[in-house]
Structure formats: C-alpha cells, structure tokens
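First to last, the sequence lines map onto chains E and D. Per our numbering, the first sequence starts with residue 1, numbered consecutively. Per our numbering, the second sequence starts with residue 1001, numbered consecutively.
Treat the hints loosely; a few may be bogus.
Subject to a maximum C-alpha distance of 27 Å in a straight line, what follows is the list of computed DSS-like cross-link-like pairs (lysine-lysine) [claimed, not checked]:
1. E/K642 - D/K1027
2. D/K1032 - D/K1145
3. E/K594 - D/K1027
Not everything, but these chain E residues come out facing chain D in the computed CB check (under 8 Å) [claimed, not checked]:
4. R19
5. P582
6. L583
7. K587
8. L590
9. E593
10. I595
11. Q621
12. I625
Honestly, the hints are just simulated from the structure, not real lab data. Even for Gly, the Cβ is constructed at its ideal location relative to N, Cα and C.
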Amino acid sequence: MHVDTDTESLLHLPEKIRRDTLAYRGQVERFLRGELSPAAFQACRTLMGLYEQRKGGTYMVRVRVGAGLASSAQLRCIAELSRKHGNGVVHVTTRQDFQIHDVKIEQTPDVLEGLLEAALTSCGGNGNAVQNVTACPRAGICPLEQFNIMPHTIALAQYLLQFDSSCNLPHRYKIAFAGCSEDCAGACVTDLGFYAHRRNGMKGFAVYAGGGLGPDPAVAVRIDDFVEQREIFEATEAVKRLFDRYGDRSNMHQARLRHVLARFGPEEFTRLYRKERESVRRQGLEGEPPAIEESPDQPGVRTRPTAKAGMPAPPASGLLPEKDKHFYTLKLRLPLGDIPTDDLIRVAQIAETYGTGIVRTTQQQDLLIPSIPRTRIKAIGKELQTLSIDVSANGRPKVIACAGASTCKLGLCQSRELAKAISDTLARQPVSAPDGCTIRISGCPNSCGQHLAGDIGFRGSARRVNGRLMPCYDVFAGARMTEGAARLAEPIGTLPAKRIPEFAAEVFAAGDLTEDRLRELIREYGDPPEVPDDYYCDWGSNAPFSLNRSIESSLEPIGPAGQSAEPRSPAHELDLRGVPCPLNLVKAKLAIEKIPVGDVIEIDLDEGEPIQNVPVSLGRQGQEILATMKREEHCCVRIRRKL
Amino acid sequence: MALSEQQIERYSRHIILREIGGAGQEKLLASKVLILGAGGLGSPAALYLAAAGVGTIGLVDGDEVDITNLHRQIVHHTADIGRRKVDSAKERMLAINPDVTVHTYDIWARADNIREIIRQYDFVIDATDNFVAKFLINDACYFEKVPFSHAGVLQFEGQLMTVIPGQTACYRCVFRSPPPASSAPSCGQAGVLGVLPGVIGSLQATEAIKYLLGIGDLLTDSLLTYSALTMEFRKVPVRRSPDCPVCGPKATITALRDEGRVTCNKKGCKC
C-alpha cells in the first residue's frame, strides 16, 4: 500500500487559527499607525509566534511543525517566505519548529498569511500557549518503537489548537510524545510527556509532567502509569487545568508547570492531576477529540519493496535503518540547524524524488528524509553533493546552539560563533564520537540550546579575570534522557569561551566522555597560565566582552564615564519582570524594607507602566533613585535605601 | 513573619503607603484590638479592622440582633435577627478577611469581668451605647493601662476622643461621672441617624490603626464633636484634670465598680 505525500496525516489547522491570523494584519496596521500601544501589540504578536530580535524592528517567526512532519510543499513555502521576507536561511529548532529570521514587522502579516496557505502556522510559537507538540522524529519507521505515535501527536495538536484557553495559560506549555523509553523526543524534560507502551495488547502511554530545561530545570515525574490511547485528550486536559489553576500568573519566572511541581512535590502534584482528571471525566471534554488513525503505516511509508534483497549495504554515514529493512532514513546534518533556502528547496525535491515527499525535523536541529529505498541510496548521495552546505556527519558530534547574543536579546554569549569554532576545529582532525553524540550550547541560562540534555553542555556566562570581563561557559556532563531514569547534566567546571574548541578537540580525539576525563581536561584548560587579549573578546567579535549589550542602552551615568560598562554587582537584586502595577511597587517596597539602610538594590521591571511608575513612587517615598536603565527587553532601576 | 503572596495582594494598598509598608502591615497582623459593643459604633469598627488585617479582634456584646438594629448596625443582616450579635459580627468579619482571628465574648461588660479581657489587648474601642459602660471602660483601661477610643452618638451628633491612660486626658477628666439615668435618653428614646455611628465608628477604627502603627497624630487631649446636620467637625481641646477621680494625683476611684445598670437592655426595652 503506497501512500504518496499525504497531507491528510499532517496537522490540520482549526478555523480559529485562520481567523486569528487574518485578524493579525489589522493589528499590525493599527500598531504602525500608532493606534495600538507597543505593550498591547506585543501581546498580539507574541501569540502569533513572533520574537523580537536584537536588531530593532526585525522579527523571527517560529513555525509550528506538528510532530516534526512537513511536506515538500510546505518546505517550499517556508523557503520562499524566507527568501522574500527573511534572510534566506531557515533554521530548525530543538522542538522541531522551523524559524524564519530577520522579518520586518510590516511584512510579518505576509509571512503569516503565506504560511496559512500551506497549512502552516506560527500561532502558539511564542507566548503563554500550547507550543509545538513534538514527537520522536522517526515515529512510524523506527525499529525500536512500541507503536507509531505520530497520529496521536497530530491529533492532540489539532485538538488543542482550536481553543482560546490554549493561548491563555500561565506560561508556555510544551508537550512531547516518545515512541519508546529511549526518548529521542525529550519527553522527560518537558511540561507534559507521553511514553508509548503496550499493556494487555492495548496501545497506551505512561504520562509524565512537570519537566523542563531553562531556569529551575527539572526532570518530569510520572503522574499516570498507563492511559489508553484514546484517553490522551482527557489526560492532557487534566494537566492543562492543573497548570491553569496553580500556575503562578503573577510572576513569570515562577509560572511554568515545573514550578507548580516544585511547590507541591510529586505526590501532591499527582494527586491534583488525578482530581482534575476525575472532574474532566465527569464533565466531559470540550469539543470532539479527533479520531486517532490506527494506521500502522506512516504517511508515505512504502510497504512494498521495490528491489530485490541482497543489494550491497549502504554507506553508514547519515543513514538510519527503518522498521522495513528495505528502506532507510537519510539524516541531513544541518550545521547550526541552518539551511539556506535554495538547499531547502532542493531537499524538498529530493524527498519527492527518492522518498515520499515527507521531511522530518529533529530535536537535534537536523532534517530527515524517510523511506528511501535501498537501491537509490547511491544516487541520493550524489544529489546531496549539489547542496551548498555539507550535510554529512563524518563521525563528528552534532553541535547544537541557541540563537545566541548576536541576534537574541536575552543572550549573554555568542553561542553560534562558538559552535562554529568547535565544528571548524573538529573538522580538522580525526574524531571519534559515539553515535548520536551531541554538544549543546546555550548562550545564557534560558537554555534554548538545552545544555542540560547534551552529552556535553555549555552555558554562557562571564567571569572577572585580572579585573576584566571574560566570556566563559559553564560545562555540564552526565545527562541521561530516558523514561523514568532521566538525569540532567551536572556542572563540572567553567572554561573561557576561547579555550573550548581545543578542549572539545581533545575530548573527541579519544572519544572518552567519562566525567573523570572531562574534569581532568577542564582543570587543564580552565586555568590558562597566560591570558591572551582575545580571550576577553567573545567568538565572532573584536570588541571587549560586556554584559551591557543593549543597543538602545540609555544609561544615566552614576559616576565617571566608563563606570556603566561594569557588570551589575549591586549588593541586592530583585526581578519583577512580568509583575504588573501596583503589585510590583508593593514587592519593591517589601524588598527594600529588608535591606540595610544605605544599601543599593537593583530591580528589573517591565517596560511601559512599571518603569514609568515604580521608580517615581519609590522616589516620592524618600528612596534615592540612582539610575534607570534600559536593558534587552526590560528596564532596570538602581535604588539606594534612604528610609 | 513574612507576608504570603495572598497577603501581599490583599494588603497591597496598605503596603504602598509610605507610612505603612510591609513592616506596618506585619505590625497590624500581630496586633490585638478589643471592641466593646457590636452595635452601631462597633459595626464599622469591626468590619474595617478585619479588612485592615488586625490580627486579633475581640468582640464583647451580650445582646442578640433585633430588627430595630438594622438601620444602623451594618455588620448584621436581616437573616441574623435573633442571633447572638457577636456570632453574626464574627461571621461577617471573617467573610471579609479569613486572615484575622475573632474572639467573641457573649457577655455584658461588668466590673468583675472586663479587666481580665482588656489586659489581653493592645487597644480598646468603646463602642457601647450607655454612660455607665463608658465610665467602666475608661476606668478599666486606666487600671490596665491600655489605650482606648471613646465615642458616643445620639440623634445627629457624635463625639470622639482617644485616651492614653496616664498620659492624656481621660473620659473622667472631661466628664466626671455618668449623668442621672433619667436625664440622658437612649437611642431608642431619642432616635439616631443610622449612618451617624457609621461615621464615628469608622473614625474609631482609624484611631486604633494609627495607634498600632505609630503614625499620625492621635485624637488625644481633644474631644472631636461632629454635627451631621450642620456638617461641622470641631476639635475641643481638653486637658488632664488635676482633680480627675481616676487618673489624677488624688484619685478616689481605685477599683473598678459598676455604677448602675451597665446596659440599657431591660427586657422589653430595645435601643
């Protein structure tokens, strides 16, 4: 039974998405005319999956790719939109999304409407919403899977996208499906994770919740031993209600589901889930959950072999076996997860010609072309050479990085430039990396590079060395991502950014990734006897490294010029981002009451009313306002307690 | 004692005030105020002190809710008619703020019971409706050295004074002793504008809070008179009297005694 490029198995977008997307154009126009305030517009564009980039006026669009499944037509659409409105390079994310970068705000409606025509959307790509529902990228074709979880992933995403309540949660809500305990989908470190299991011949899932990387990282806990496959909607609704009810909306830094788990502990958290599940069962689900197609076959998976057995074995690099041994999945390693639009169009073509027109995105920022008959592998190898980038792995570890400080407003360090430096260094020597090995780099603690999940992780940081600021990375190792036995990587030391490529080269020369060996190497590389000047510059930059990288920085100097270049190190700090007026004033006051008179405290506040009101109110009450500063996406006020 | 997230929100409008802040709110939560009388004056006082988060509030009243109370005693509702006043008031206070603790004393204040209750509190509000009780409270607060707010209302007029026993003028410094029973009408006889005790009782709560926080100027050595019809407030300066029988140097009252019927609640007579 041969099924061609089957758009029916891809994510169908509910009518609501269409409506919201078409309404977005009007919102942009009103904003550009000055009729909609920046704060109000931010709420709109955030829910449409847009991210403001460091360069003012440019945006990144995060396109949902349900279960990582995209058709060749969709690939072409994304490539065209990137070419026309973006920077011509498409990025694959660690949650299987595509990203289009450098889009001007006035062109974002064109991009969103263009995506809609290919049944794609970026709704929920940002904001307090249900984000992309991910799955292991080889679902349906992986020899190890319990059963094909692709239909479940798609059905759940489709079900959730139709509700307004999916965009009105305390914070982001990330869901993943894993076809087996090996957990290529990262279900153990996400808000809600499903692991496929069979019980008494029935297909179902173990349910885990409350995991997450980023600030206050946590491994998910099991809240349900087994739900039958048709019960996933009920289970998801129960967790969503738990999140809605207990997520802390007053403080966005404590608002994720893992924070709820931390507050209650696993037992109480599980009990609350059961309570919600009971009430969902009694009340019934809102709307009709879509039927889960019980097809054993994948969209586009050919079940009839087209060649004789006994053909020569294919070259090892980049090829993954499938359940059906006559077919292979081709893995295209994308350096930094990026692919130029021309190459993406070629890939779409290759998938149509050699595969079934389906392409999959992976959590390692790569692309997969599934279902390639054994006989065509040599030919496809030749096609790949026409791409402008080298998509072969050649035994090297995959280096995954977040967007980094060059484009991301929140980044501390240039993670992509480090990734490139590591890759270049490793390309120059023989390397021995275990299969599937990853180096993960996050430019800051927000962990978009998922550094706690990599075989070796790096997290951007800074240190004072000889009185000067140096870009560094904290090093992590020992991660284990499997069902029920997951473990986050532990910190094992810190390295200057500039030392890392050599460090990586030495690690992978022997392929010894044991913690002892890594610690030994960190000791060796971590404390250079001499610090060359360029160590104080980050990768990809000639300017001395600094933390005040806001390009709109309007510091009111509190001392001689140059003092503003110092990193913040007041005696006290308070983060009130995401806290509305007047609660932010209340909390600021409470914090000030606790510090000794004469001490300085630095308080982070949102733009708009918070920064306009809070310092003035505190000043009127007799505190000394030393400076108000603009940072990446927020503001900051420095205060000395006088009373 | 750190404030919980809920408390921070509940009391946010207090905390914003320069004079209160988190420290002030914590003080209120740790304070204890006794209100004698859950009637016209006691109603607003009880409600506002509960709302403000005064941590412990005592309520003394031996009466039950009557329909004639309802035009002014806003802590009680129609459904409470027949109920013990302290129970009805406590329920309403906790509904506003479950944070506070309310101790009810379903009794009439008398010389033999009132001192041991008063001494457990930081501040007392005299919300009674008769002179005998007022003098009793004045004396008891003097002996226990607990500051209190005196107030009284009738028809369209009210009065108010705060007393720091041993420091500022007490009730007897100004008014030596209760007037003859026949000369002073009760509310049941003379009538009272319903909202009048609402105004004065709220001012009593204000004085209590100011005292607990240590802010502002208390209404000491000063008798405030309020005339609702003319919309006039007057502050009449008063002084400690050197002849005061209870707080003066030649005090003749050295022990608490009942100077007559403490309450107007004669069977069949409803105030």
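How the hints compare with the structure:
| no. | hint | result |
| --- | --- | --- |
| 1 | E/K642 - D/K1027 | holds (21 Å) |
| 2 | D/K1032 - D/K1145 | holds (15 Å) |
| 3 | E/K594 - D/K1027 | holds (15 Å) |
| 4 | R19 | violated (35 Å) |
| 5 | P582 | holds (6 Å) |
| 6 | L583 | holds (6 Å) |
| 7 | K587 | holds (7 Å) |
| 8 | L590 | holds (4 Å) |
| 9 | E593 | holds (5 Å) |
| 10 | I595 | violated (12 Å) |
| 11 | Q621 | holds (4 Å) |
| 12 | I625 | violated (15 Å) |
The structure is inconsistent with the numbered hints 4, 10, 12, although it conforms to all the rest.
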